[in-house]
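Here the structure of chain A is known, so what remains is to put chain B in place on it, guided by the hints.
Quick mapping for you: the protein sequence lines, in order, are chains A and B.
Taken in order, the first sequence gives residues 16 to 318; the numbers are from our numbering.
Taken in order, the second sequence gives residues 329 to 778; the numbers are from our numbering.
Warning: the hint list may mix true and false statements.
As the list claims (entries may be wrong) - With a Cα cut of at most 30 Å, we get these calculated DSS-like pairs of lysine-lysine:
| id | chain 1 | residue 1 | chain 2 | residue 2 |
| --- | --- | --- | --- | --- |
| 1 | B | K535 | B | K612 |
| 2 | B | K336 | B | K357 |
| 3 | A | K136 | B | K359 |
| 4 | B | K535 | B | K510 |
| 5 | B | K638 | A | K142 |
| 6 | B | K528 | B | K513 |
| 7 | B | K638 | A | K293 |
| 8 | A | K114 | A | K279 |
| 9 | B | K513 | B | K597 |
Because the hints were derived from the structure by calculation, they are not lab data.
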Amino acid sequence: MESKNSMSDSRRQFLKKISTGSVLAVTGLGIYAVSSCKQTSEEKTTLLTPEGKLVQVSNSEIQEFEHKNHISPNESRKGIPGKKFVMVVDLAKCKNARKCVKVCDKHHNLTPDRPYIKVLKMQDNEKSSPYWMPKKCFQCDNPPCVKVCPVGATYKRSDGIVLIDNERCIGCRFCMAACPYSARIFNWGTPPNVDKEAEYSPETSVPSKIGTVGKCDFCPDMLRNNELPHCITACPNGVIYFGDEIDDTVSNGEETVRLSTLLKDKAGYRYLEELGTKPRVYYLPPVDRLFPFDKTNQENSEP
Amino acid sequence: MKKSSIVKQKFKTQREKDVLSHMISTSLKYKLWIAFLFLFIVFGMYGYYRQLRYGLIVTAMRDFTSWGIYISNFVFFVAISLVGSLFSSILKLNDNIWSKPLIRVSEIIAVSAIICAAVIIIVDMGRPDRFFYVITHLRIQSPIIWDVIIISTYLVISILLLFISILPDIAICRDRLTEIPKWKKRLYKIMAINWSNHPKQLAKLQKVTKVLAITILPVAFAIHTVTSWLFATTWRPGWDSTNLGPYFVSGAFMAGAAVIIISMYLIRKHLNLKPYITESHFDKMGKLLVLLSLVYLYFNINEYLGPAFKMVGVEGEHITELFVGNYAPMYWFVQLGGLIFPVILLMFRWFRKPIPIFIISVFVILGAWFKRYLIVIPSMQHPYLPIQGVDESYLHYNPTWEEWSITFASFAWLLLIITVLIKLFPVIPLQEDELDLENSVEPNSLKNEN
Numbered sequence: 016m017e018s019k020n021s022m023s024d025s026r027r028q029f030l031k032k033i034s035t036g037s038v039l040a041v042t043g044l045g046i047y048a049v050s051s052c053k054q055t056s057e058e059k060t061t062l063l064t065p066e067g068k069l070v071q072v073s074n075s076e077i078q079e080f081e082h083k084n085h086i087s088p089n090e091s092r093k094g095i096p097g098k099k100f101v102m103v104v105d106l107a108k109c110k111n112a113r114k115c116v117k118v119c120d121k122h123h124n125l126t127p128d129r130p131y132i133k134v135l136k137m138q139d140n141e142k143s144s145p146y147w148m149p150k151k152c153f154q155c156d157n158p159p160c161v162k163v164c165p166v167g168a169t170y171k172r173s174d175g176i177v178l179i180d181n182e183r184c185i186g187c188r189f190c191m192a193a194c195p196y197s198a199r200i201f202n203w204g205t206p207p208n209v210d211k212e213a214e215y216s217p218e219t220s221v222p223s224k225i226g227t228v229g230k231c232d233f234c235p236d237m238l239r240n241n242e243l244p245h246c247i248t249a250c251p252n253g254v255i256y257f258g259d260e261i262d263d264t265v266s267n268g269e270e271t272v273r274l275s276t277l278l279k280d281k282a283g284y285r286y287l288e289e290l291g292t293k294p295r296v297y298y299l300p301p302v303d304r305l306f307p308f309d310k311t312n313q314e315n316s317e318p
Numbered sequence: 329m330k331k332s333s334i335v336k337q338k339f340k341t342q343r344e345k346d347v348l349s350h351m352i353s354t355s356l357k358y359k360l361w362i363a364f365l366f367l368f369i370v371f372g373m374y375g376y377y378r379q380l381r382y383g384l385i386v387t388a389m390r391d392f393t394s395w396g397i398y399i400s401n402f403v404f405f406v407a408i409s410l411v412g413s414l415f416s417s418i419l420k421l422n423d424n425i426w427s428k429p430l431i432r433v434s435e436i437i438a439v440s441a442i443i444c445a446a447v448i449i450i451v452d453m454g455r456p457d458r459f460f461y462v463i464t465h466l467r468i469q470s471p472i473i474w475d476v477i478i479i480s481t482y483l484v485i486s487i488l489l490l491f492i493s494i495l496p497d498i499a500i501c502r503d504r505l506t507e508i509p510k511w512k513k514r515l516y517k518i519m520a521i522n523w524s525n526h527p528k529q530l531a532k533l534q535k536v537t538k539v540l541a542i543t544i545l546p547v548a549f550a551i552h553t554v555t556s557w558l559f560a561t562t563w564r565p566g567w568d569s570t571n572l573g574p575y576f577v578s579g580a581f582m583a584g585a586a587v588i589i590i591s592m593y594l595i596r597k598h599l600n601l602k603p604y605i606t607e608s609h610f611d612k613m614g615k616l617l618v619l620l621s622l623v624y625l626y627f628n629i630n631e632y633l634g635p636a637f638k639m640v641g642v643e644g645e646h647i648t649e650l651f652v653g654n655y656a657p658m659y660w661f662v663q664l665g666g667l668i669f670p671v672i673l674l675m676f677r678w679f680r681k682p683i684p685i686f687i688i689s690v691f692v693i694l695g696a697w698f699k700r701y702l703i704v705i706p707s708m709q710h711p712y713l714p715i716q717g718v719d720e721s722y723l724h725y726n727p728t729w730e731e732w733s734i735t736f737a738s739f740a741w742l743l744l745i746i747t748v749l750i751k752l753f754p755v756i757p758l759q760e761d762e763l764d765l766e767n768s769v770e771p772n773s774l775k776n777e778n
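So that you can see chain A by itself, here it is in the shape it has in the complex (with noise of 0.2 Å):
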């Protein structure tokens, strides 16, 4: 229990060392400032790890991990002008690696017991192979979600992203009965590790509020400074392609194509199309895989 409790402190110092450099950062001194904890390398702070383990790391070897510029709960219903931020997700690519989902807890303080990003073992019929589906929310054109809100606490933006206020949030859980994908998680209870410092926007979905909802954001803060979202760059195969439907151009982080093609040419679909959602993530069949489904990821489904 002691432990426990001075490991959930060093957590929070060093967050709060973070949010520091985030204030320094906004009023314009520069990221950069945040290494300064880089200096002190001989120090070593303890963290805590996805998969729940208390390891000690050196603090030159943090790094800086912030989301950069703040944007006020009102400024993120809008949008960032002239995007359509859309998703395609090869499945014939995923061996479920699963970095995404460590990323994605990381960037958003998640727990491994409620990610945002799940990578579903599926199975369309019984004669049919297996293959993984890393699923994310779908940023519906038509969202369910959006519709049920009695507060307008969840919105989409023009930009196409649909973004959850937690500041607005009344806990009603409308919008999780509401989402046919099983997109959105709730804090049940208060967030782990929050710092309570930090300033709270929609866009960075950090630090999220006890008895609100939260979910995958497409994080705007990265895509605010031309950055694609964590997800994309930590995936080791370039499964999932991110990108503007107005340009017509998605990347995996190596490589840049054409939307159009893209779809055209691997058959892409959206799941579920028969609901009318219109969702913004596309997928790609399974075809043609890269690796076989390998039963031994398997158990990396269930934490």
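Relative to chain A, chain B alone:
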């Protein structure tokens, strides 16, 4: 003290004495009953204190089963509240004289249940501190907002209906009850709003009653239909149905009739009102319950036959779970014990006698409560995408003691409000003819039957 006040108090008629005497004296039994209810309420408040402090984590609800017994209990309370409209509107507009002594008790139950429904929905909120956002940030396209609007409308009309039905009697209480504490005298004086039984006043009252009786009918249907839309506007198996509105409304009338039978039995027994709530009332209520149950049975068959015949995807999984899976014992108890058997038994005259029909109604109510559990919870456990990669505890739902304590406290609240209202106001009309002077013969003939 209590006996002397009863002795001192003078009544004009036997009816007045029968109806009013329990309002003057307080028995030990009554005090114990109140204490018993408070026990549950205090326990529930402790449960809620823990929920406020630690969050909804103290419940068994998790990301997939994100609605639990709070919501099913809410639906139950809304269902119960519909009974007010059954008596003060449907039966009254059809010139049923026998049901008149039951109008007040039905309105009292309606008002109490709707208050409890509003309270339990706040208990379910993750952020009750932001309750007023529902008003300050409301978005009209959300079915929750429709529900808030229709429930508050129904509450206002129900309170008005209750008030105008007891108004002449409040005036009698003001004029005749001498042996009561000062605050009660003042209460009656304020509430009687200078009522003097003047023919002009009576005519106005009759008019208002009629307008309200007609107004409440669509509102009553709307209140439970809109509640059903909270579910029907989603894609969940078991909810994604066009049948849900009438299914909810018909189930509500059945549950409401059973609640009236239970309260008739208890009031008659404990307040010594046998001459006014007669065996003939139980007989008629029994027949009414059969009729309402048959309507509900029809919608029930409609609700399950189609999906069970087609067995499509998650809808099929959901049906399997109900019919032969984990929820099968509860499902068949609800369908047989709470619907089929009561219908068959109540067709026989003997089972419509007070004690048998009371027991049957308890089963109907239990069935009605668990039916709402079955409507809410299993549907949430069959999403389109498989439940994987989450904590073990997310796969099941077994309500925690905090949830049960709050649920029982909500029932205790309901009973407490009903008890207090019955204690303060005459539950049976003091004037036999009440408002309709032309029907003064019938109540006497009812009395003679007993």
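Against the structure, the hints come out as follows:
Under the criterion of a C-alpha separation no larger than 30 Å, the hint pairing K535 of chain B with K612 of chain B is consistent with the structure, at around 28 Å. Distance hint between K336 of chain B and K357 of chain B is fulfilled; the C-alpha atoms sit about 22 Å from each other, no more than 30 Å. Restraint check for K136 of chain A and K359 of chain B: the C-alpha separation of about 60 Å exceeds 30 Å, so the hint is violated. Of the supplied pair hints, the one linking K535 of chain B and K510 of chain B is violated, its CA atoms being roughly 33 Å apart against a limit of 30 Å.
The hinted pair formed by K638 of chain B and K142 of chain A meets the criterion: a straight-line CA distance of about 22 Å does not exceed 30 Å. For a cut-off of 30 Å, the pair hint linking K528 of chain B to K513 of chain B stands: about 25 Å separates their Cα positions. Taking the CA atoms of K638 of chain B and K293 of chain A, the gap is about 26 Å. The hint holds against a cut of 30 Å. For the given pair, K114 of chain A sits about 28 Å from K279 of chain A by alpha-carbon distance, which is consistent with the 30 Å threshold.
With a C-alpha separation of about 28 Å, the suggested pair K513 of chain B and K597 of chain B falls inside the 30 Å cut-off, and the hint holds.
In summary, the numbered hints that this structure violates are 3, 4.
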